[in-house]
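In the order they appear, the protein sequences are chains A and B. 67 is the number that my numbering gives the last residue of the first sequence; the numbers go up by one with no jumps. 944 is the number that my numbering gives the last residue of the second sequence; the numbers go up by one with no jumps.
Simulated from the structure, these hints should not be mistaken for laboratory data. Errors might be hidden in some of the hints.
[To be verified] Footprint (simulated), chain A over chain B, 3 or more residues, beta carbon under 8 Å:
#1 558 to 571
#2 588 to 596
#3 906 to 916
[As the list claims (entries may be wrong)] From chain A, some residues computed to sit far from chain B (all C-beta separations above 10 Å):
#4 G19
#5 F32
#6 H34
#7 T42
#8 F47
#9 L48
#10 V51
#11 G53
#12 S55
#13 A57
#14 A59
[Stated by the list, open to error] Below, computed lysine to any residue pairings styled on SDA-like, alpha-carbon distance capped at 25 Å:
#15 B:K549 - A:R64
#16 B:K662 - A:A39
#17 B:K631 - A:L(-2)
#18 B:K549 - A:L43
#19 B:K549 - A:G44
#20 B:K662 - A:L43
#21 B:K862 - A:V22
#22 B:K549 - A:R37
#23 B:K502 - A:F8
#24 B:K783 - B:S737
#25 B:K549 - A:L(-2)
#26 B:K662 - A:F32
#27 B:K549 - A:G35
#28 B:K502 - A:V7
#29 B:K549 - A:F47
#30 B:K761 - A:L(-2)
#31 B:K862 - A:F26
#32 B:K549 - A:C17
#33 B:K502 - A:R37
#34 B:K862 - A:H34
#35 B:K549 - A:L23
#36 B:K662 - A:Y41
#37 B:K617 - A:L(-2)
#38 B:K549 - A:F8
#39 B:K549 - A:A2
#40 B:K502 - B:I639
Idealized CB from N, CA, C, for every residue including glycine.
Here is what each chain is made of, one letter per residue.
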Amino acid sequence: MNADLSPRARAVGVFVWCSFLTACIGTMVLFAFFEPEMFWHGERVATYTLGFFFLWVVAGSSAALALYMARTER
Amino acid sequence: MDALDSYYVAEQKIYPREVTGRYARLRTLAVWVLLGLFYVMPWVMWNGRQAVLFDLPARKFYVFGLVMWPQDFIYLTGLLVIAAMSLFFFTAVGGRLWCGYACPQTVWTEAFLWMERIAEGTRSERIKLDKAPWSARKLARKSAKQAMWIVFSLWTGVTFVGFFTPIGTLVGKIVTLSLGPWEWFWTVFYGFATYGNAGFLREQVCKYMCPYARFQSAMFDRDTMIVTYDAARGEPRGSRRRGADLASLNLGSCVDCTLCVQVCPTGIDIRKGLQYECIACAACIDACDSVMDKMAYPQGLIRYTTQNALDRKPARIVRARVVVYAVILCGLVTGFAVGLLRRTPVDVDVIRDRNALYRTLDDGRVENVYSVKILNKTEHAHRFEVTVEGAGELSLQPQPAVFDVGSGEVFPATVRVRRPAYEPLGPQNVEFEIRAVDSPELRAETRARFLAPTK
Chain A
-6 MNADLSPRAR AVGVFVWCSF LTACIGTMVL FAFFEPEMFW HGERVATYTL
44 GFFFLWVVAG SSAALALYMA RTER
Chain B
490 MDALDSYYVA EQKIYPREVT GRYARLRTLA VWVLLGLFYV MPWVMWNGRQ
540 AVLFDLPARK FYVFGLVMWP QDFIYLTGLL VIAAMSLFFF TAVGGRLWCG
590 YACPQTVWTE AFLWMERIAE GTRSERIKLD KAPWSARKLA RKSAKQAMWI
640 VFSLWTGVTF VGFFTPIGTL VGKIVTLSLG PWEWFWTVFY GFATYGNAGF
690 LREQVCKYMC PYARFQSAMF DRDTMIVTYD AARGEPRGSR RRGADLASLN
740 LGSCVDCTLC VQVCPTGIDI RKGLQYECIA CAACIDACDS VMDKMAYPQG
790 LIRYTTQNAL DRKPARIVRA RVVVYAVILC GLVTGFAVGL LRRTPVDVDV
840 IRDRNALYRT LDDGRVENVY SVKILNKTEH AHRFEVTVEG AGELSLQPQP
890 AVFDVGSGEV FPATVRVRRP AYEPLGPQNV EFEIRAVDSP ELRAETRARF
940 LAPTK
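Okay, chain A solo, but in the shape it has when bound (with noise of 0.2 Å):
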């Protein structure tokens, strides 16, 4: 079941995990000064939901990118 995650599989995790922590905190600073109605006219838990995948893509993105130059790094 929880057998040791293998260095892709825990690169992954690393990179999902931190970007998820960004996405939440960059969520709340986000739609703490923007209403969600400036984005779109839909459903307010709609655009929250879409916003924090949003971020959390672009975050990911990053995270992954900046792993991928750190690891390949020669």
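Given chain A's structure and the hints, the job is docking chain B onto it.
Chain B in isolation, oriented as in the chain A frame:
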């Protein structure tokens, strides 16, 4: 990446052995209190509404008597900074107390382990079960565990969403299967995250994913409390009969029973020294103390102590690092408390109408139009009077400018300010004030620009 992979040796799956003792009781207490707070809090009522409710659709946060708004974001920021500073302070003094007793990862893993033990038995029974070929009994036990985990995870998801949607309504909607798509999504997503982190990943989160585990050593020094093995007393380790003479056998106190390794949730051997995987849960202390008792040796071969104490050097609790963290923490907490006490429950925001700079009336006066947003953060409706002050003879339309604002409402009022065109000449600043007619202490003011011709 392939080169890295080839060095990788899969470690054994960790089966943490059940442990009893002082620190295990402390952790059980922490689990009950923290999970209790999480699962019970959404059901606590306050003045006819949920006591703690982060009403995202309405953008209002209820925390008992307080109603917070997005404008109060500074308090959330303050709270997060205080939490971070507390973490620094407690880490410097007590080591990884957070990891061992308070971290959601630890707390939920403990709950999942408890269910695992109910379904699959003790550590040795679990190892045997996993090695055994599939049978009806194995299937039944594994399914029972999975069923408990999944139900618990989903209930965790429901509770999580219950902090954002009134939980009574939420449960009603689940029963009638009329939950909205987003509520479904977050319930399942959070449940899945709980299952993944506490059931599947467990110590891997601490070892490979947690940023705090990596940088906590920056807050450590030689006077920080750590879980440590007293090698000077324990070595050379080895098995012996009870009551054997250690001096003649040339043995230390460690009987090499490996219980400390078996109970470790991250699977390390504390006797190899301080390792970053150690979450300071003190399970090994409990395990070792019980063995020391059986052998009639003094307890504390593995114990909470500091590096300095271990090296027989004077221990200092108060030191520069601790003082600095404490001073910053006290300052932040004081600032937060003062800010919260002085927080005005009403607010006003004034924006000059951007469509026109100003308008000259037939009687020669100049008029500016403002949209005045009155924010009533109290729990009752109030009638507010708007007044304006500044140089020159200012008059306000409508007269009197009173507006009824419901609890928690933002009322957009439009007011006109008029002034003779040339007294004073040109633009000026004006002060708007709102005041509740029935309770004058509910007031707020703001400044706005009044535009007028310069010649």
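Verification of the hints:
1. Under the rule that three or more residues need a Cβ within less than 8 Å of chain A, the assignment of the stretch 558 to 571 of chain B holds, with 4 such residues.
2. Proximity of the stretch 588 to 596 of chain B to chain A, defined as three or more residues with a beta carbon under 8 Å from a beta carbon of that chain, is not established by the 0 residues found.
3. Taking a C-beta to C-beta cut-off of 8 Å, the stretch 906 to 916 of chain B contributes 0 residues in contact with chain A, too few for the three needed, and the coverage statement is violated.
4. Non-interface status of G19 (chain A) relative to chain B is upheld: no Cβ of that chain comes within 10 Å, the nearest being about 13 Å off.
5. F32 (chain A), annotated as away from the interface, keeps every beta carbon of chain B farther than 10 Å; the closest lies near 14 Å.
6. With a closest Cβ-Cβ approach of about 14 Å to chain B, H34 (chain A) is found to remain outside the 10 Å limit, as its non-interface label requires.
7. For T42 (chain A), the condition that its CB be more than 10 Å from all CB atoms of chain B is violated, with the nearest at approximately 6 Å.
8. The beta carbon of F47 (chain A) sits about 15 Å from the closest Cβ of chain B, which is more than 10 Å, so the claim that it is off the interface holds.
9. With a cut of 10 Å on Cβ distances, L48 (chain A) stays outside the contact zone with chain B, its closest approach being about 15 Å.
10. Distance to chain B confirms V51 (chain A) as a non-interface residue, since its nearest Cβ pair spans about 18 Å, more than 10 Å.
11. With 10 Å as the threshold on Cβ separation, the claim that G53 (chain A) sits away from chain B holds: the shortest Cβ distance comes to roughly 13 Å.
12. The claim that S55 (chain A) is not at the interface with chain B holds, since no C-beta of that chain comes within 10 Å of its own (minimum 15 Å).
13. Listed as outside the interface, A57 (chain A) is consistent with that label: its C-beta sits roughly 12 Å from the nearest C-beta of chain B, beyond the 10 Å cut-off.
14. Residue placement check: A59 (chain A) keeps its beta carbon more than 10 Å from all beta carbons of chain B (closest about 14 Å).
15. Taking the CA atoms of K549 (chain B) and R64 (chain A), the gap is about 44 Å. The hint is violated against a cut of 25 Å.
16. Taking the CA atoms of K662 (chain B) and A39 (chain A), the gap is about 18 Å. The hint holds against a cut of 25 Å.
17. Pair hint K631 (chain B) plus L(-2) (chain A) holds up; C-alpha atoms about 22 Å apart against a cutoff of 25 Å.
18. Distance hint between K549 (chain B) and L43 (chain A) is fulfilled; the C-alpha atoms sit about 20 Å from each other, no more than 25 Å.
19. In summary, the hint linking K549 (chain B) to G44 (chain A) is supported, as the alpha carbons are separated by about 18 Å, within the 25 Å threshold.
20. Simply put, K662 (chain B) and L43 (chain A) have alpha-carbon atoms about 23 Å apart, close enough for the 25 Å limit, and the pair holds.
21. Only pairs whose Cα atoms come within 25 Å are accepted, and K862 (chain B) paired with V22 (chain A) is accepted, the gap being roughly 22 Å.
22. Restraint check for K549 (chain B) and R37 (chain A): the C-alpha separation of about 13 Å stays at or below 25 Å, so the hint holds.
23. Note on K502 (chain B) and F8 (chain A): the hinted pairing holds, with a Cα-Cα distance of about 23 Å set against a maximum of 25 Å.
24. About 21 Å separates the Cα atoms of K783 (chain B) and S737 (chain B), which keeps this hinted pair within 25 Å; it holds.
25. Between K549 (chain B) and L(-2) (chain A), the direct Cα distance comes to roughly 41 Å. Violation of the 25 Å bound is thereby established for this hinted pair.
26. Taken as a hint, the K662 (chain B) and F32 (chain A) pair is broken in the structure, with Cα atoms around 29 Å apart against an allowance of 25 Å.
27. Between K549 (chain B) and G35 (chain A) the CA atoms are separated by roughly 18 Å; this keeps the pair inside 25 Å, and the hint holds.
28. A hinted pair counts as satisfied when its Cα atoms are at most 25 Å apart, and K502 (chain B) with V7 (chain A) qualifies at roughly 20 Å.
29. Our distance criterion of 25 Å between C-alpha atoms is met by K549 (chain B) and F47 (chain A), whose separation comes to about 23 Å.
30. Between K761 (chain B) and L(-2) (chain A), the direct Cα distance comes to roughly 23 Å. Compliance with the 25 Å bound is thereby established for this hinted pair.
31. Our distance criterion of 25 Å between C-alpha atoms is met by K862 (chain B) and F26 (chain A), whose separation comes to about 17 Å.
32. Distance check on the hinted pair: K549 (chain B) and C17 (chain A) sit about 18 Å apart at the alpha-carbon level, within 25 Å; holds.
33. About 43 Å separates the Cα atoms of K502 (chain B) and R37 (chain A), which puts this hinted pair outside 25 Å; it is violated.
34. Annotation: proposed proximity of K862 (chain B) to H34 (chain A) holds, straight-line Cα distance about 21 Å (limit 25 Å).
35. Pair hint K549 (chain B) plus L23 (chain A) holds up; C-alpha atoms about 16 Å apart against a cutoff of 25 Å.
36. Among the hinted pairs, K662 (chain B) with Y41 (chain A) is consistent with the structure: their alpha-carbon atoms are about 21 Å apart, no more than 25 Å.
37. Under the criterion of a C-alpha separation no larger than 25 Å, the hint pairing K617 (chain B) with L(-2) (chain A) is consistent with the structure, at around 22 Å.
38. Taking the CA atoms of K549 (chain B) and F8 (chain A), the gap is near 32 Å; set against the 25 Å cutoff, the hint is violated.
39. For the hint linking K549 (chain B) to A2 (chain A), the alpha-carbon distance of about 39 Å lies beyond 25 Å, and the restraint is violated.
40. With a C-alpha separation of about 21 Å, the suggested pairing of K502 (chain B) with I639 (chain B) holds against the 25 Å cut-off.
In summary, the numbered hints that this structure violates are 2, 3, 7, 15, 25, 26, 33, 38 and 39.
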